[in-house]
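*Asks:* If you read the sequences in order, they're chains A and B.
So that you can map any letter, position 179 of the first sequence is 179 in our numbering, and since no number is skipped, the others follow by simple counting.
So that you can map any letter, position 31 of the second sequence is 31 in our numbering, and since no number is skipped, the others follow by simple counting.
What the hints contain is simulated information worked out from the structure, not anything from laboratory work.
None of these values were measured; they are calculated from a predicted model.
For glycine and all other residues, C-beta sits at the position ideal for the given N, C-alpha and C.
One or more of the hints may lead you astray.
Simulated coverage check for chain B against chain A, where a stretch passes if three residues somewhere in it have a Cβ under 8 Å from a Cβ of chain A [unchecked claim]:
(1) 46-58
(2) 75-86
(3) 201-209
(4) 213-223
(5) 258-268
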Amino acid sequence: MSFGLHTIVVKERFKMNKKIVNFIVVLMVPVFLYLFFLLLRPASFGKASTIYIIFTQSFITCIIAWGMQFLVSMGEFDLAVGAEMVLDCIFAALLSARIGFAGIIIGCIVCAFVCGVIKSALYRMMRIPIMILTIALVYLLGATGGLVTNSSALTIKSAYTFLGRAPGNIIVFAITGFVVYLLTNGSVLGANVRAVSGSVSIARNNGIHVESTKIKSLILSSMLAGIAAIIQLSHGSGVTPSVGLDSIQNIMQPIMSVFIGFVMARYINIVFSIFIGSILMSIISNGITALNWSSSIYNVVVGAILIVIMAYMNIAEISVRRREEKTGAMKNMKECGTI
Amino acid sequence: MLKKVAALFLAAVLAFSLVGCSGQAQSSSGTQSSGASSSSSSDIKIGLTIYATTDATSGPMCKNMQAACDGMGAKLVITTDNQDLEKEVSNIENLIANGCKAVFCLPYSDNSIPRIASICEKAGVYFGFYWYDLATKSTHDVCYNSKYFLGNIYEDDVWSAYTAMQTLNKAGASKIGMFGLPTGRTTTTKRDEGIQKACKEYNMNVLVTDRVNTNTSDAAASSVESMISAYPNLDGIVIAGMTQTCLPGVIQALKNLHLNGKVKVACIDFNENQTEYFEKGLINGVIGGHFTGCAWLAVLAINKLQGTPLTDKAVSIQDQFIVLQSAEDAKNYTSYLYNELPYTKDEFAKMSKKLNSSFTYDDLLKTIKAYSVSDVMTRHNKT
Numbered sequence: 001m002s003f004g005l006h007t008i009v010v011k012e013r014f015k016m017n018k019k020i021v022n023f024i025v026v027l028m029v030p031v032f033l034y035l036f037f038l039l040l041r042p043a044s045f046g047k048a049s050t051i052y053i054i055f056t057q058s059f060i061t062c063i064i065a066w067g068m069q070f071l072v073s074m075g076e077f078d079l080a081v082g083a084e085m086v087l088d089c090i091f092a093a094l095l096s097a098r099i100g101f102a103g104i105i106i107g108c109i110v111c112a113f114v115c116g117v118i119k120s121a122l123y124r125m126m127r128i129p130i131m132i133l134t135i136a137l138v139y140l141l142g143a144t145g146g147l148v149t150n151s152s153a154l155t156i157k158s159a160y161t162f163l164g165r166a167p168g169n170i171i172v173f174a175i176t177g178f179v180v181y182l183l184t185n186g187s188v189l190g191a192n193v194r195a196v197s198g199s200v201s202i203a204r205n206n207g208i209h210v211e212s213t214k215i216k217s218l219i220l221s222s223m224l225a226g227i228a229a230i231i232q233l234s235h236g237s238g239v240t241p242s243v244g245l246d247s248i249q250n251i252m253q254p255i256m257s258v259f260i261g262f263v264m265a266r267y268i269n270i271v272f273s274i275f276i277g278s279i280l281m282s283i284i285s286n287g288i289t290a291l292n293w294s295s296s297i298y299n300v301v302v303g304a305i306l307i308v309i310m311a312y313m314n315i316a317e318i319s320v321r322r323r324e325e326k327t328g329a330m331k332n333m334k335e336c337g338t339i
Numbered sequence: 001m002l003k004k005v006a007a008l009f010l011a012a013v014l015a016f017s018l019v020g021c022s023g024q025a026q027s028s029s030g031t032q033s034s035g036a037s038s039s040s041s042s043d044i045k046i047g048l049t050i051y052a053t054t055d056a057t058s059g060p061m062c063k064n065m066q067a068a069c070d071g072m073g074a075k076l077v078i079t080t081d082n083q084d085l086e087k088e089v090s091n092i093e094n095l096i097a098n099g100c101k102a103v104f105c106l107p108y109s110d111n112s113i114p115r116i117a118s119i120c121e122k123a124g125v126y127f128g129f130y131w132y133d134l135a136t137k138s139t140h141d142v143c144y145n146s147k148y149f150l151g152n153i154y155e156d157d158v159w160s161a162y163t164a165m166q167t168l169n170k171a172g173a174s175k176i177g178m179f180g181l182p183t184g185r186t187t188t189t190k191r192d193e194g195i196q197k198a199c200k201e202y203n204m205n206v207l208v209t210d211r212v213n214t215n216t217s218d219a220a221a222s223s224v225e226s227m228i229s230a231y232p233n234l235d236g237i238v239i240a241g242m243t244q245t246c247l248p249g250v251i252q253a254l255k256n257l258h259l260n261g262k263v264k265v266a267c268i269d270f271n272e273n274q275t276e277y278f279e280k281g282l283i284n285g286v287i288g289g290h291f292t293g294c295a296w297l298a299v300l301a302i303n304k305l306q307g308t309p310l311t312d313k314a315v316s317i318q319d320q321f322i323v324l325q326s327a328e329d330a331k332n333y334t335s336y337l338y339n340e341l342p343y344t345k346d347e348f349a350k351m352s353k354k355l356n357s358s359f360t361y362d363d364l365l366k367t368i369k370a371y372s373v374s375d376v377m378t379r380h381n382k383t
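Please build the complete structure, drawing on both the sequences and the hints.
*Replies:* Encoded structure:
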């Protein structure tokens with residue numbers, strides 16, 4: 001018995017060590033990238049203030065990515081998030097002009113909720129892929145913002161911008177992260193999302209309502225975009241209506257963060273891995289500025305990383321599927337007595 | 001059934017939003033005014049495609065052109081293109097289809113000029129450019145070889161950028177972060193040239209340039225944070241365009257970093273909040289107010305279409321910027337050029353040769369050259 005207990009302790013210690021090792025492996029990625037830029041621009045990257053800027057500039061990207069990850073893991077893309085955020089900021093700016101700071105919170109959250117409900121209702125009625133539905137909504141939401149503001153930019157008072165800097169943005173980010181962690185790992189929604197992302201048919205056969213899961217994820221995506229909009233409006237103190245598909249560009253970084261997060265999720269929790277992905281994006285952005293490279297290079301770098309990640313995920317998926325098929329075939333052959 | 005209804009509803013909403021996104025096509029008719037007036041019914045229609053219609057630069061631009069059309073007896077149709085090249089070209093086609101006899105635009109790329117010229121020539125419609133200097137030989141030749149080219153109104157963008165940098169130099173800045181316009185346009189080339197000229201003359205140095213993060217306040221704010229983090233000795237920021245969208249973000253970022261007043265700011269193009277920023281010492285200079293160009297094109301076009309052209313040849317006219325370097329400058333500008341119009345409908349009516357046969361092309365050039373805040377105040381008895 002003492003030998004069995006010793007074995008369990010060793011196994012648990014091994015698991016803990018493995019978790020720590022995995023965490024360190026993932027953490028090394030942004031560290032190495034930071035060191036790369038530090039070597040190239042020690043004057044810029046060798047300061048604590050740069051690390052602070054990198055962290056705080058990742059908050060908005062990360063919160064949006066946290067919201068998107070539920071749908072992306074189920075194979076859906078909500079492309080209207082960027083346009084929603086612009087509309088949230090517009091209503092928040094207009095409301096804050098009337099009722100003060102509370103208008104920013106109420107405007108963003110209420111508008112986000114309404115957008116989420118509209119999206120969900122349309123998805124439920126139309127039953128078309130969310131990506132197609134949200135592309136149409138990008139135009140609608142952009143046009144709504146333009147009509148409401150008469151295509152002019154809006155600003156908020158400087159006194160209302162404290163959630164765009166420390167400690168306001170850090171507090172909002174930390175609370176949001178905690179809630180997302182609970183939703184992802186400790187809620188029925190999180191479990192259902194994992195089940196649907198594994199296999200839709202198996203999840204359905206096990207009594208999980210797939211469409212309901214997607215609808216809840218749509219609303220959650222909008223609500224988190226609303227929270228990101230609060231920080232964004234406070235950070236920039238202004239908002240410009242978006243037109244056409246311009247707002248989709250605003251969610252490219254979050255999408256990248258989600259993909260990087262998925263790759264790293266094999267090693268650490270998805271919530272943290274997405275945060276690491278956002279930090280990577282922020283390091284690249286600041287690195288390009290520090291080196292005074294053309295801002296267009298950022299798009300090239302991000303695009304290249306996206307292709308590498310997609311290729312890696314595709315290859316990994318094919319490899320896993322082949323292994324499963326081979327394992328299934330071997331099992332069948334054994335059962336039939338062929339081998 | 002519900003699905004079909006929802007599908008139809010969504011399609012209608014999408015169509016509506018596409019119309020909304022393409023901007024409002026505003027039309028107006030010529031109106032009677034006292035003194036020298038045009039005839040009340042006029043079939044002269046001219047069109048304008050512009051990036052927006054309501055900010056601190058585009059709003060006055062449209063109002064002035066409207067006043068010119070109202071005073072001279074013509075209709076004006078305005079469409080917006082959000083700085084999208086393809087949208088701009090399709091707007092031109094739509095304006096021509098709408099019956100416009102002359103169309104005006106700001107080419108977003110030199111490469112678009114042959115296309116625009118071809119479209120207008122095939123339709124037999126006059127065309128012209130505002131805010132655009134035909135500096136390259138190829139584009140110049142394409143336009144001047146066309147009998148439908150009326151002319152272009154341009155500003156001295158080398159001077160405007162040079163003056164913005166000069167303002168920063170006077171304020172004590174020498175290590176500059178720059179927000180620039182996208183490359184591929186003559187305006188960009190000229191402003192970059194002006195900035196480089198000032199750098200050489202005043203021994204200033206552009207440490208970092210951003211040409212991408214200028215369309216939203218938040219992106220501009222993040223860019224400023226990155227600039228300051230990368231170059232802590234940065235002591236000046238020049239915004240060489242898109243001030244309307246990125247200036248609030250720049251100011252906010254400097255506030256968050258407690259650098260207001262320490263990092264000097266100068267910009268090209270006006271912003272709605274500039275008076276407040278001047279009063280609080282957050283900016284050092286703004287160069288803009290170049291929104292009469294379309295009105296001058298309208299004067300040329302309407303005279304031509306009324307059969308009394310001011311000139312037989314296509315023309316290239318330089319109009320003036322306004323420089324604001326204090327809160328008082330900003331307040332005077334707002335009172336006399338923004339809240340009111342620098343040129344009234346009656347003043348524009350006198351620029352119609354049909355109504356005022358003594359008006360000449362030289363008179364137009366004198367009017368354009370005299371444009372300034374003090375000129376407006378003097379003409380409108382506000383001194």
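*Asks:* Confirm or reject each hint.
*Replies:* Hints versus structure:
Taking a C-beta to C-beta cut-off of 8 Å, the region 46-58 of chain B contributes 4 residues in contact with chain A, enough for the three needed, and the coverage statement holds. Remark: the region 75-86 of chain B is confirmed as covered by chain A, as 3 of its residues place a Cβ nearer than 8 Å to a Cβ of that chain, reaching the required three. Check on the region 201-209 of chain B: 3 of its residues sit with their Cβ under 8 Å from a Cβ of chain A, so the three-residue criterion for coverage holds. Counting residues of the region 213-223 of chain B whose beta carbon lies closer than 8 Å to any beta carbon of chain A gives 10, which reaches the threshold of three, so the coverage claim holds.
Coverage of a stretch by a chain is defined here by at least three residues with a beta carbon nearer than 8 Å to that chain's beta carbons; for the region 258-268 of chain B and chain A the count is 0, and the condition is violated.
Hint compliance for this structure: hint 5 is the single one not met.
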